[in-house]
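Novice: Below are the chains, spelled out letter by letter.
Number of protein chains: 2
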Amino acid sequence: MGKTVILAHGSGSKLSHDLVEKNLLQPLHNDLLAKLDDSAVFDVRGKLAFTTDSYVVSPIFFPGGDIGRLAVCGTVNDLSMSGAVPLYLSLALIIEEGLPLEDLDKIVNSIKVTTEEAGIQVITGDTKVVNKGSVDKIFINTAGIGLISDGVDISGSNAKAGDKIILSGSIGDHGIAVLSLREGFDFKVPVQSDCAPLNGLVADMLEASKNIHVLRDPTRGGLATTLNEIASQSDVGISIFEDKVPVHDGVRGACELLGFDPLYIANEGKTVAFVAADDAEKVLAAMKNNNYGKEAAIIGEVTESRKGKVVLKTRLGASRMIDMLTGELLPRIC
Amino acid sequence: MGKTVILAHGSGSKLSHDLVEKNLLQPLHNDLLAKLDDSAVFDVRGKLAFTTDSYVVSPIFFPGGDIGRLAVCGTVNDLSMSGAVPLYLSLALIIEEGLPLEDLDKIVNSIKVTTEEAGIQVITGDTKVVNKGSVDKIFINTAGIGLISDGVDISGSNAKAGDKIILSGSIGDHGIAVLSLREGFDFKVPVQSDCAPLNGLVADMLEASKNIHVLRDPTRGGLATTLNEIASQSDVGISIFEDKVPVHDGVRGACELLGFDPLYIANEGKTVAFVAADDAEKVLAAMKNNNYGKEAAIIGEVTESRKGKVVLKTRLGASRMIDMLTGELLPRIC
Chain S
51 MGKTVILAHG
61 SGSKLSHDLV
71 EKNLLQPLHN
81 DLLAKLDDSA
91 VFDVRGKLAF
101 TTDSYVVSPI
111 FFPGGDIGRL
121 AVCGTVNDLS
131 MSGAVPLYLS
141 LALIIEEGLP
151 LEDLDKIVNS
161 IKVTTEEAGI
171 QVITGDTKVV
181 NKGSVDKIFI
191 NTAGIGLISD
201 GVDISGSNAK
211 AGDKIILSGS
221 IGDHGIAVLS
231 LREGFDFKVP
241 VQSDCAPLNG
251 LVADMLEASK
261 NIHVLRDPTR
271 GGLATTLNEI
281 ASQSDVGISI
291 FEDKVPVHDG
301 VRGACELLGF
311 DPLYIANEGK
321 TVAFVAADDA
331 EKVLAAMKNN
341 NYGKEAAIIG
351 EVTESRKGKV
361 VLKTRLGASR
371 MIDMLTGELL
381 PRIC
Chain C
51 MGKTVILAHG
61 SGSKLSHDLV
71 EKNLLQPLHN
81 DLLAKLDDSA
91 VFDVRGKLAF
101 TTDSYVVSPI
111 FFPGGDIGRL
121 AVCGTVNDLS
131 MSGAVPLYLS
141 LALIIEEGLP
151 LEDLDKIVNS
161 IKVTTEEAGI
171 QVITGDTKVV
181 NKGSVDKIFI
191 NTAGIGLISD
201 GVDISGSNAK
211 AGDKIILSGS
221 IGDHGIAVLS
231 LREGFDFKVP
241 VQSDCAPLNG
251 LVADMLEASK
261 NIHVLRDPTR
271 GGLATTLNEI
281 ASQSDVGISI
291 FEDKVPVHDG
301 VRGACELLGF
311 DPLYIANEGK
321 TVAFVAADDA
331 EKVLAAMKNN
341 NYGKEAAIIG
351 EVTESRKGKV
361 VLKTRLGASR
371 MIDMLTGELL
381 PRIC
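Chains as they are written, first to last, in our numbering: chain S, 51 to 384; chain C, 51 to 384.
What you were told as hints is all true, and nothing was included just to trick you.
Note: identical chains are not told apart, hence a pair may lie in one copy or across any two.
Straight line, CA to CA, 27 Å or less: simulated BS3-like cross-link-like pairs of lysine-lysine: (1) K210 - K344; (2) K260 - K332; (3) K72 - K359; (4) K85 - K97; (5) K85 - K359.
These are calculated hints, taken from the structure and not from any lab test.
Chain S extracted, bound-state conformation (with noise of 0.2 Å):
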C-alpha cells in the first residue's frame, strides 16, 4: 500500500510545511504562491470579478475529468461569465485522513495542468486534513479574481427582447458521465465530462461583438434552470427550439433509459449567450471556431411575452413551460 494523508499534515506542524511545500507549492510554482505570506499581494486596477465555488463531487475521478480539473474550470467559468480575464484563483483543500497521496499527486497535476491550459495562477492557499468519516475522500474549494475590460457589460439581468441564444455545445455530458461511474452503468456509447475552462472562448466571443449582453455557465440545474434564472433577472421571457439543443447520443440514450431530461443535467464546460441578433451570427462562427465551441448553435431569442418563463418549442410544434429543476436530481455532481 502507498503511503497515505495523514492528520499532522494538515496541524501547521513540520509535517504540514513538508506537504505544502512538495505536494503542492513545487507542482504548482509561481513568484507570488511562493512568498508563502497570509495572503498574495498583486497590483491591479479596474472593474474586478470576484467568485468562489466548492466542489464536492463523487466520485474524485471520472470520464473526462477530476475533482481538480473541475475546481479550476468551474471559476474560470464563473468569473469568464461575467465578462472578466480569469487572473488569479486560491485553492482550498479539505483532505481526509488515508487518502493516498498518489491520488493527491493526481489531483494536484490536473491543477497544474488545467492552470496552465487557461493561462491563470493559484497564488494562495490552505490544507486541512481532518479525521476519517468527516469529509468523503477529498473537497475543493477554488475563489478567483478575474479584470473586466472597458465595454464589457454582462449580467444575467442585460437580457433583452430580440437577443439570440447562442449554446456553445452539447448538453448533458457532465453529469451523465459522473451518473454512469458512480452508479456503475454500462452504457452503449460511453459518455466523457465536457470539464473545460471557457475564458478562451470567451475572449473569442467577446473579440467578434461587445454586444453580448449575458454568458451563464449551465452547471447544477442544467441549461432549463439557467435559462429561468435569466428569465427572471432580467423579466422578459425565453422561447427555445428543442431540435436545435445540441445533445449527444450517449446522453439521449442515457436519459431515456434513466427518465432523465437532458435540459437538467449539468454541464462544465459549456455557456449559454445572449447576444443582440446583428452580432449573433458573428459570435457564431468565433465559437465555431474555438476547441470548446465546434457544437455551438442558436437555440432560441428572447421575446417581449411571457415575462420570467422558458418555452420551449418541441420538435412536433407544440409549445410546452419549462420550469426550474424542482427537488434534487443527482446530488454531489460538481
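Position chain C relative to chain S; hints supplied.
Specialist: Below, chain C without anything else, positioned relative to chain S:
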C-alpha cells in the same frame, strides 16, 4: 424536531434558490451580493491582498465563538497580517444533509454580526449540500480581498535584527476552549476562545508607526510555530522571554493537566508584530488602547545570531530552543 437542510437544498433547484434567498441573502444583504451573477464585480486600484482558508472546527459552536465567526475572523486576520484593509469576502458552505436549519441560521447570523464588526461585506458565495456522512455537519470556506496602503510593506521575510516582538495578548485560549468542550473536560477556570477580527487593531498599529516589518496571527501550530516560520523566512534569530508571554490561568491549568505547551496551542484573535525598536513603545501603546490589544506585551527581539532559530529564555535564566510543532496536537481546531 425542527426543519433540517435536505439534499435538494443544494441541487441548483428552486429549493436551493429559496434557501439561498431566505437564509443567506436576506441576513447578509448588500448591493453587490444581491446581484446574484456568477461573480461579484467592483472597482479597485492599488495593491491587493488575496487569501483563503477553509474552516472545519469541531464542535461548530464553542465557548467564545462558532464556525461562522471563525470563518470571518480567520480570513479578515490573514488579510490584516499582510497590512491590508479587508474589503470583501466570499463565503462557501458545504452542509451535511440533516443539519438543523436553526444551526445554519445561528451560524449565518454570527457571520453577519462579525462582518459588521469588521466593517466588511460578503459579496459572493456558494452552497453545497452533501449526503449524510460525507461531511461533518458544516465546513466553511472564506476567501478575502484587501487593499494595502502606500508605504505599508509587511511580510514574514521582513524581520530585521534589533526588531522588538510584540504579542497582542494571551496565548492558547482558542485551542483550549475548543478542546475542553469537545473532550468534555470541566476545568476549574473556564476558557473562552479569543476568536476576533483584528483589522481595527492593525489599523491602530499602522497609524502609530509605518515601521512594522512583520505581522502574523499564531493560529495552527501556535506562537512557537509562527515564530519559527518567521525566523526561517527572514533568516534571523528570535529570542523570547518566557515570563513576558501572557497566558491566562485557565489555559495554564489545562495545559499542565494535559501535558501541552501553550506555545503550541492555536489562537484566533492574536497577532505577533515585529517592529523597529525605536517605534516599539508607540505601537505597544496603540495596541493597549484597542479592545483586542489590552494585554499586549513586548515578548522578545530579533537577533543577528542563531539565524533560523527561536530561543526561549526561561524564568530561571536558562535558554532552550523552541522548534516548530511536530506531529498533530489538536485536529480540527479551526
